[in-house]
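Peer 1: So the sequence shown is residues -21 to -1, 1 to 198, counted in mature numbering (1 follows the signal peptide of the UniProt record, and there is no 0).
Mixed in with the good hints, there may be bad ones.
Said to hold, decoys possible - Straight-line Cα separation of at most 16 Å, EDC-like style, residue types lysine to aspartate or glutamate; simulated pairs: (1) K168 with E34; (2) K134 with E14; (3) K134 with D90; (4) K168 with E31; (5) K168 with D13; (6) K168 with D90; (7) K134 with D157.
To be verified - Per label pair, the in silico range of CB-to-CB distance: (8) G64 with L7: 18 to 24 Å; (9) T6 with G108: 23 to 29 Å; (10) T37 with Q118: 32 to 38 Å.
Calculated from the structure, these hints are not laboratory results. Positions of the beta carbon are idealized from the N, C-alpha and C atoms, including for glycine.
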Amino acid sequence: MRSIVVAAAAALWLASTTAQATSIVATLPVFYTDEASFLAAAASARITLTEETVENLTYPTVQSLTQLASGLNVQSNTALFPHSGNFCWGQSGCMLLVNPVEGSRLTFTFDARTMNAFGFHTGDLGDVGPTTFTLQTPQGSASYVFHYQADSNHKFFGVINTHRAFNQVVVTGSAPGDAVGFDQFRFGKVSPVPEPSAILLMLAGALAAGVAAHRRRAG
(Lines of atoms letter the chains of each structure in order from A and count residues from 1; the text may use other names and numbers.)
(Lines give C-alpha, C1' and ligand atoms only; values in the text may rest on other atoms or scores of the structure.)
Protein backbone atom coordinates (compact mmCIF):
# COMPACT_ATOMS: atom_id res chain seq x y z
CA MET A 1 0.00 0.00 0.00
CA ARG A 2 2.82 2.37 0.92
CA SER A 3 4.49 1.82 -2.46
CA ILE A 4 1.23 2.66 -4.23
CA VAL A 5 0.91 5.92 -2.26
CA VAL A 6 4.54 6.84 -2.99
CA ALA A 7 4.08 6.06 -6.68
CA ALA A 8 0.91 8.15 -6.81
CA ALA A 9 2.66 11.07 -5.08
CA ALA A 10 5.58 10.79 -7.51
CA ALA A 11 3.19 10.78 -10.45
CA LEU A 12 1.44 13.90 -9.14
CA TRP A 13 4.79 15.66 -8.61
CA LEU A 14 5.92 14.73 -12.12
CA ALA A 15 2.65 15.95 -13.62
CA SER A 16 2.92 19.23 -11.68
CA THR A 17 6.56 19.74 -12.71
CA THR A 18 5.76 18.98 -16.34
CA ALA A 19 2.85 21.42 -16.29
CA GLN A 20 5.05 24.14 -14.79
CA ALA A 21 7.78 23.53 -17.37
CA THR A 22 5.22 23.60 -20.18
CA SER A 23 3.82 26.86 -18.79
CA ILE A 24 7.28 28.46 -18.70
CA VAL A 25 8.08 27.36 -22.25
CA ALA A 26 4.73 28.67 -23.45
CA THR A 27 5.55 32.18 -22.21
CA LEU A 28 8.88 32.40 -24.05
CA PRO A 29 9.06 34.39 -27.30
CA VAL A 30 9.74 32.75 -30.66
CA PHE A 31 12.22 34.55 -32.93
CA TYR A 32 12.27 34.51 -36.74
CA THR A 33 14.72 35.37 -39.51
CA ASP A 34 12.36 34.29 -42.30
CA GLU A 35 9.52 36.67 -43.13
CA ALA A 36 7.21 34.02 -44.61
CA SER A 37 7.45 31.92 -41.43
CA PHE A 38 6.80 34.99 -39.28
CA LEU A 39 3.71 35.96 -41.29
CA ALA A 40 2.38 32.39 -41.25
CA ALA A 41 2.84 32.13 -37.48
CA ALA A 42 1.11 35.48 -36.94
CA ALA A 43 -1.85 34.42 -39.08
CA SER A 44 -2.11 31.08 -37.27
CA ALA A 45 -2.16 32.90 -33.92
CA ARG A 46 -4.93 35.28 -35.09
CA ILE A 47 -2.59 38.29 -34.94
CA THR A 48 -3.67 41.20 -37.12
CA LEU A 49 -0.53 43.03 -38.24
CA THR A 50 -0.16 46.77 -38.75
CA GLU A 51 2.51 47.87 -41.24
CA GLU A 52 4.75 50.92 -40.89
CA THR A 53 6.71 51.50 -44.09
CA VAL A 54 8.40 54.73 -42.87
CA GLU A 55 7.90 56.04 -46.41
CA ASN A 56 8.14 59.73 -47.29
CA LEU A 57 9.14 60.79 -43.80
CA THR A 58 10.70 64.21 -43.39
CA TYR A 59 12.46 65.01 -40.14
CA PRO A 60 15.88 66.26 -39.10
CA THR A 61 18.50 64.02 -37.54
CA VAL A 62 16.85 62.88 -34.31
CA GLN A 63 17.13 60.31 -31.55
CA SER A 64 13.44 59.55 -31.21
CA LEU A 65 10.32 59.26 -33.38
CA THR A 66 6.97 59.32 -31.63
CA GLN A 67 4.63 60.71 -34.28
CA LEU A 68 4.35 57.77 -36.69
CA ALA A 69 0.71 57.30 -37.70
CA SER A 70 0.88 53.54 -37.15
CA GLY A 71 1.50 53.94 -33.41
CA LEU A 72 5.11 52.73 -33.51
CA ASN A 73 7.64 54.73 -31.48
CA VAL A 74 11.44 54.61 -31.74
CA GLN A 75 14.09 55.73 -29.27
CA SER A 76 17.80 55.62 -30.15
CA ASN A 77 20.97 56.49 -28.27
CA THR A 78 22.58 57.58 -31.56
CA ALA A 79 21.36 59.44 -34.63
CA LEU A 80 18.40 58.52 -36.87
CA PHE A 81 17.39 60.14 -40.13
CA PRO A 82 15.26 59.36 -43.21
CA HIS A 83 17.01 57.67 -46.11
CA SER A 84 16.35 56.21 -49.55
CA GLY A 85 18.49 53.81 -51.53
CA ASN A 86 20.14 50.46 -51.03
CA PHE A 87 19.79 50.57 -47.24
CA CYS A 88 16.01 50.28 -47.69
CA TRP A 89 13.85 47.25 -48.42
CA GLY A 90 11.49 47.14 -51.38
CA GLN A 91 10.28 50.72 -51.44
CA SER A 92 12.07 54.03 -51.66
CA GLY A 93 12.31 55.16 -48.05
CA CYS A 94 13.51 53.82 -44.71
CA MET A 95 14.90 54.89 -41.35
CA LEU A 96 18.68 54.94 -41.06
CA LEU A 97 20.71 54.37 -37.91
CA VAL A 98 23.77 56.38 -38.90
CA ASN A 99 27.35 55.97 -37.67
CA PRO A 100 26.51 53.78 -34.67
CA VAL A 101 29.00 53.38 -31.87
CA GLU A 102 29.72 50.50 -29.49
CA GLY A 103 26.57 49.92 -27.47
CA SER A 104 24.20 51.54 -29.96
CA ARG A 105 20.62 50.44 -29.53
CA LEU A 106 17.10 51.09 -30.75
CA THR A 107 14.11 50.73 -28.44
CA PHE A 108 10.72 50.22 -30.09
CA THR A 109 7.53 50.88 -28.13
CA PHE A 110 3.87 51.15 -29.10
CA ASP A 111 1.02 53.59 -28.55
CA ALA A 112 -1.15 50.53 -27.81
CA ARG A 113 1.25 49.66 -24.94
CA THR A 114 1.73 45.96 -25.69
CA MET A 115 2.07 43.68 -28.72
CA ASN A 116 2.32 39.95 -29.43
CA ALA A 117 4.29 40.24 -32.68
CA PHE A 118 6.95 42.55 -34.11
CA GLY A 119 9.04 42.24 -37.27
CA PHE A 120 11.15 44.39 -39.59
CA HIS A 121 13.72 44.42 -42.40
CA THR A 122 17.28 45.71 -42.19
CA GLY A 123 19.62 46.81 -44.95
CA ASP A 124 23.42 46.98 -45.11
CA LEU A 125 23.86 44.98 -41.92
CA GLY A 126 27.42 43.75 -41.39
CA ASP A 127 29.10 45.48 -44.34
CA VAL A 128 31.82 47.00 -42.11
CA GLY A 129 32.77 43.85 -40.23
CA PRO A 130 31.32 40.93 -38.27
CA THR A 131 28.20 41.92 -36.36
CA THR A 132 26.26 40.28 -33.53
CA PHE A 133 22.69 41.50 -33.86
CA THR A 134 20.37 41.01 -30.87
CA LEU A 135 16.62 41.31 -30.40
CA GLN A 136 15.34 41.46 -26.85
CA THR A 137 11.88 41.51 -25.28
CA PRO A 138 11.14 41.45 -21.53
CA GLN A 139 10.57 37.68 -21.83
CA GLY A 140 13.72 36.68 -23.74
CA SER A 141 16.25 37.48 -26.45
CA ALA A 142 18.00 36.05 -29.51
CA SER A 143 21.37 36.94 -31.06
CA TYR A 144 22.58 36.40 -34.62
CA VAL A 145 26.16 36.62 -35.89
CA PHE A 146 26.72 38.04 -39.38
CA HIS A 147 30.08 37.94 -41.09
CA TYR A 148 31.26 40.65 -43.42
CA GLN A 149 29.22 41.07 -46.61
CA ALA A 150 29.07 43.77 -49.25
CA ASP A 151 26.44 46.52 -49.41
CA SER A 152 22.70 45.81 -49.49
CA ASN A 153 22.90 42.89 -47.08
CA HIS A 154 19.18 42.67 -46.31
CA LYS A 155 17.83 40.65 -43.39
CA PHE A 156 14.46 40.07 -41.73
CA PHE A 157 13.94 39.76 -37.98
CA GLY A 158 10.77 39.05 -36.05
CA VAL A 159 9.49 37.93 -32.67
CA ILE A 160 6.13 36.49 -31.59
CA ASN A 161 4.86 35.72 -28.10
CA THR A 162 1.22 34.65 -28.16
CA HIS A 163 0.97 33.99 -24.41
CA ARG A 164 2.63 37.09 -22.95
CA ALA A 165 2.47 40.42 -24.74
CA PHE A 166 5.59 42.59 -24.65
CA ASN A 167 5.78 46.36 -24.21
CA GLN A 168 9.07 46.94 -26.03
CA VAL A 169 11.64 45.42 -28.36
CA VAL A 170 15.30 46.45 -27.98
CA VAL A 171 17.70 46.03 -30.91
CA THR A 172 21.47 46.14 -30.38
CA GLY A 173 24.61 45.06 -32.17
CA SER A 174 25.36 47.21 -35.19
CA ALA A 175 29.15 47.43 -35.54
CA PRO A 176 30.65 50.88 -34.88
CA GLY A 177 30.46 52.92 -38.08
CA ASP A 178 28.12 50.43 -39.78
CA ALA A 179 25.02 52.44 -40.70
CA VAL A 180 21.94 50.20 -40.93
CA GLY A 181 18.57 50.83 -42.55
CA PHE A 182 15.32 49.75 -40.84
CA ASP A 183 12.22 49.31 -42.96
CA GLN A 184 8.76 47.77 -43.29
CA PHE A 185 7.87 47.22 -39.66
CA ARG A 186 4.96 44.91 -38.80
CA PHE A 187 3.39 44.55 -35.39
CA GLY A 188 0.12 43.39 -33.89
CA LYS A 189 -1.86 41.80 -31.08
CA VAL A 190 -3.70 38.51 -30.78
CA SER A 191 -7.37 38.99 -31.65
CA PRO A 192 -9.47 38.31 -28.54
CA VAL A 193 -11.53 35.12 -28.43
CA PRO A 194 -15.10 35.62 -27.16
CA GLU A 195 -15.59 34.52 -23.56
CA PRO A 196 -17.84 31.46 -23.05
CA SER A 197 -20.44 33.69 -21.35
CA ALA A 198 -20.48 35.98 -24.38
CA ILE A 199 -20.91 33.01 -26.70
CA LEU A 200 -23.83 31.74 -24.58
CA LEU A 201 -25.46 35.17 -24.71
CA MET A 202 -25.09 35.24 -28.49
CA LEU A 203 -26.63 31.76 -28.78
CA ALA A 204 -29.47 32.72 -26.44
CA GLY A 205 -30.14 35.84 -28.49
CA ALA A 206 -30.17 33.87 -31.72
CA LEU A 207 -32.52 31.28 -30.18
CA ALA A 208 -34.88 33.98 -28.91
CA ALA A 209 -34.92 35.63 -32.34
CA GLY A 210 -35.68 32.26 -33.94
CA VAL A 211 -38.56 31.58 -31.53
CA ALA A 212 -40.01 35.03 -32.14
CA ALA A 213 -39.82 34.56 -35.90
CA HIS A 214 -41.50 31.14 -35.61
CA ARG A 215 -44.35 32.62 -33.55
CA ARG A 216 -44.89 35.38 -36.08
CA ARG A 217 -45.12 32.84 -38.87
CA ALA A 218 -47.45 30.63 -36.80
CA GLY A 219 -49.68 33.58 -36.00
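Peer 1: Hint by hint, which ones does the structure fall short of?
Peer 2: 1, 3, 5, 8 and 9
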